Amino acid sequence: MNEPGSDTETTPAAAPEPAARTGAGWRRDVWPGIHWIQELGGHRAGIARAVLESGADWYRPGNELYVPQNAYLLTGERTLLWDTLSPASGHILLPALEELLGDRPLDYLALSHPDVPHAGNTMQVLRRYPDCQLVAPAVGETHALYHLDDAMKVGPEDEIDLGGLRVRFPEATFLDAAIHTWMSEEATRTLFTVDWMGFPHQSGESLRRTDEIDTVVDVGRLEEFHSRVMFWFQYVYPHKVTAATDALAVQFAGYGLAPAHGLPIPGEDAAPYYELMNEVVRRVAAGGRGGVL
Amino acid sequence: MSVIDLGGGVSWVHESFPETNGHIHVSVYLIDAPEGAILMDSGSFHHRQRLADRIHDATAGRGIGAIILSHSDYPHSGNIPAFRQDWGDFEIIASCGDPDLQGLPYARRTKIGDVTEVLGRRFVVLDPPLADRNHTTWVYDEASRTLFVADGFGALHAPGASHVDWGRLPEEGRAEGVHEFHAQTLPWLRYADPDRVMGALHAMLEQHPPAWIAPIHGPPIAEPDIPRYMADLKAALTRIAERD
Ligand SMILES: [Fe+2]
Ligand SMILES: [Fe+2]
Ligand SMILES: [Fe+2]
Ligand SMILES: [Fe+2]
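As they're listed, the protein sequences go chains A and B. The opening position of the first sequence corresponds to residue 1 in our numbering, with each subsequent residue numbered one higher. The opening position of the second sequence corresponds to residue 1001 in our numbering, with each subsequent residue numbered one higher.
Bound conformation, chain A alone:
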């Protein structure tokens, strides 16, 4: 497990300093009112090897390679935390929350899905903020098996007005668990895509948006992630997946993308990423899964 301070090998000249970064945790405003708390996890040596073998030019040998977990804290007049990082990172999440919130309460904790690396600190957060309302996806049948039976259930019809920020819960188009939702924020026009649109990054790129790094996010980089996490792309009719992706590109045109396992993508840059993902699907459907994450 790497300490936050180790992520300093290269610093792209164009990248602004994160708004706030201390030994207590990783965070910054990624867009107004949206704060980003990142868990790097360890260096992924196996993926780094695969990247080097592929001849990719975005990764510099010797750098650490990360597939992060992201949680996002939304602060309007009320506050909402989207996901909680993995159980290995309570020591990152809770101090970051305390510093970002100060005296303010945490009003909502919304879980994208009850997957361990996303929901791993749910109990700790609810213990620290006992008046916080737990919010969970409405879809699915087995909420009681995840301690989610008493949560406030949300789906595509629902909106939570945070005062200045408004979140909605569109259907998760690409997903793993059955109990699953995506989220959008309508003031900043941000789509939180959870397990979709993730990609690895390297030393010096943590807590940067895609417009703040010097390297490109291309098909191969997106494929390294999705050929592992969306292993089921190997079994699909590619045209069904690309049709769903094309529909998202229309529905969320201009929205920034805030994935759980990659760097956020500004809205003005997002359009080409949908077509990159279509190529990823075609490649995995033809070539099989890349491994396990």
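Since the hints were derived computationally from the structure, they do not count as laboratory data. Small disclaimer: the values here were computed from a predicted structure and weren't measured. Just so you know, even glycine gets a beta-carbon here, dropped at the ideal spot from N, CA and C. Take these hints with a grain of salt, some might be off.
Claimed, not checked - Quick list of simulated restraints, FRET-style, between CB atoms:
#: 1; chain 1: A; residue 1: R128; chain 2: B; residue 2: R1168; range: 44 to 54 Å
#: 2; chain 1: B; residue 1: E1171; chain 2: A; residue 2: A187; range: 51 to 61 Å
#: 3; chain 1: B; residue 1: H1163; chain 2: A; residue 2: V216; range: 49 to 59 Å
#: 4; chain 1: B; residue 1: T1116; chain 2: A; residue 2: A144; range: 47 to 57 Å
#: 5; chain 1: B; residue 1: R1108; chain 2: A; residue 2: E171; range: 50 to 60 Å
#: 6; chain 1: A; residue 1: A243; chain 2: B; residue 2: A1231; range: 37 to 47 Å
#: 7; chain 1: A; residue 1: D269; chain 2: B; residue 2: P1224; range: 50 to 60 Å
#: 8; chain 1: A; residue 1: D131; chain 2: B; residue 2: D1089; range: 49 to 59 Å
#: 9; chain 1: A; residue 1: E171; chain 2: B; residue 2: R1109; range: 29 to 39 Å
#: 10; chain 1: B; residue 1: T1238; chain 2: A; residue 2: P95; range: 44 to 54 Å
Given chain A's structure and the hints, the job is docking chain B with the ligands onto it.
Coordinates of chain B with the ligands only, in the frame set by chain A:
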């Protein structure tokens, strides 16, 4: 009834949970290995005490010596901490890129393709065509020819039928139980080509012919019933694919 013996040292410790259109198994399996009892998955916290009592009885109070975990999903992994308190810091064998992130810092990592020995018994670690989480593995127990398939090969059942194997479920509603399970549990099947999924499954069954297929979320399927299950599964996948 405590546990149901499938032969070859494997027994089914079944538990069920009520859903809208039927009940779903959230079971575990016990394997009698030369050096102790292996538990396949740990079940849901929802059934913790009943599972612990039945495992205690079935092992004559010795408890379990190891858990092979299919994936970290809570209804499979939820009892690991409690069982380790009951029976000591036994070995956890799990597949995942990073055990810490899955809340399993103490796990021994396996990889797809491994042949691994657990308490003196050999298991082949397989790449599952039907799974929700990417790090899921299925395992084939060579001694009993049991294929443990986690979220694969599930089926809902009617209340009252929680203790019978799949082939002995009433014919009426049985195929629907296979469809209903897959439609709700594996949401990606809406994009799947049924022929590709079935092809991968047939190849696996040919290479590792099972005497029993042992799912967590359905009754075990005996060898003579596998062709009928596969036919129902193919129909279910086709229905799901055609719906979207
Ligand atoms: Fe996930
Ligand atoms: Fe994830
Ligand atoms: Fe699962
Ligand atoms: Fe499951």
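- request: Mind checking the hinted window 49 to 59 Å against the Cβ distance between H1163 (chain B) and V216 (chain A)?
  value: holds (57 Å)
- prompt: Has the hinted range 29 to 39 Å been met by the Cβ atoms of E171 (chain A) and R1109 (chain B)?
  reply: Holds: the Cβ-Cβ distance is about 34 Å, inside 29 to 39 Å.
- prompt: Do the Cβ positions of R1108 (chain B) and E171 (chain A) conform to the proposed distance bound of 50 to 60 Å?
  reply: Taking Cβ atoms as reference, R1108 (chain B) and E171 (chain A) lie about 38 Å apart, which means the hint is violated.
Outcome for the supplied range 50 to 60 Å, where the beta carbon pair is D269 (chain A) and P1224 (chain B): Since D269 (chain A) and P1224 (chain B) have Cβ atoms about 58 Å apart, the given range 50 to 60 Å holds.
query: Taking the beta carbons of D131 (chain A) and D1089 (chain B), is their distance inside 49 to 59 Å?
result: violated (37 Å)
query: Quick one: are E1171 (chain B) and A187 (chain A) within 51 to 61 Å, going by C-beta?
result: holds (56 Å)
query: Does the Cβ pair A243 (chain A), A1231 (chain B) satisfy 37 to 47 Å?
result: Because 29 Å falls outside the window, the suggested range is violated.
message: Is 44 to 54 Å respected by the C-beta to C-beta distance linking R128 (chain A) and R1168 (chain B)?
response: With a Cβ separation near 50 Å, R128 (chain A) and R1168 (chain B) satisfy 44 to 54 Å, so the hint holds.
query: Taking the CB of T1116 (chain B) and the CB of A144 (chain A), does the distance hold inside 47 to 57 Å?
result: Violated, since T1116 (chain B) and A144 (chain A) (Cβ atoms, about 33 Å apart) do not stay within the stated range.
message: The hint says 44 to 54 Å between T1238 (chain B) and P95 (chain A); measuring C-beta to C-beta, is that right?
response: For T1238 (chain B) and P95 (chain A) the Cβ distance comes to about 51 Å; the hint holds.
Hints 4, 5, 6, 8 from the earlier list are contradicted by this structure; the remaining hints agree with it.
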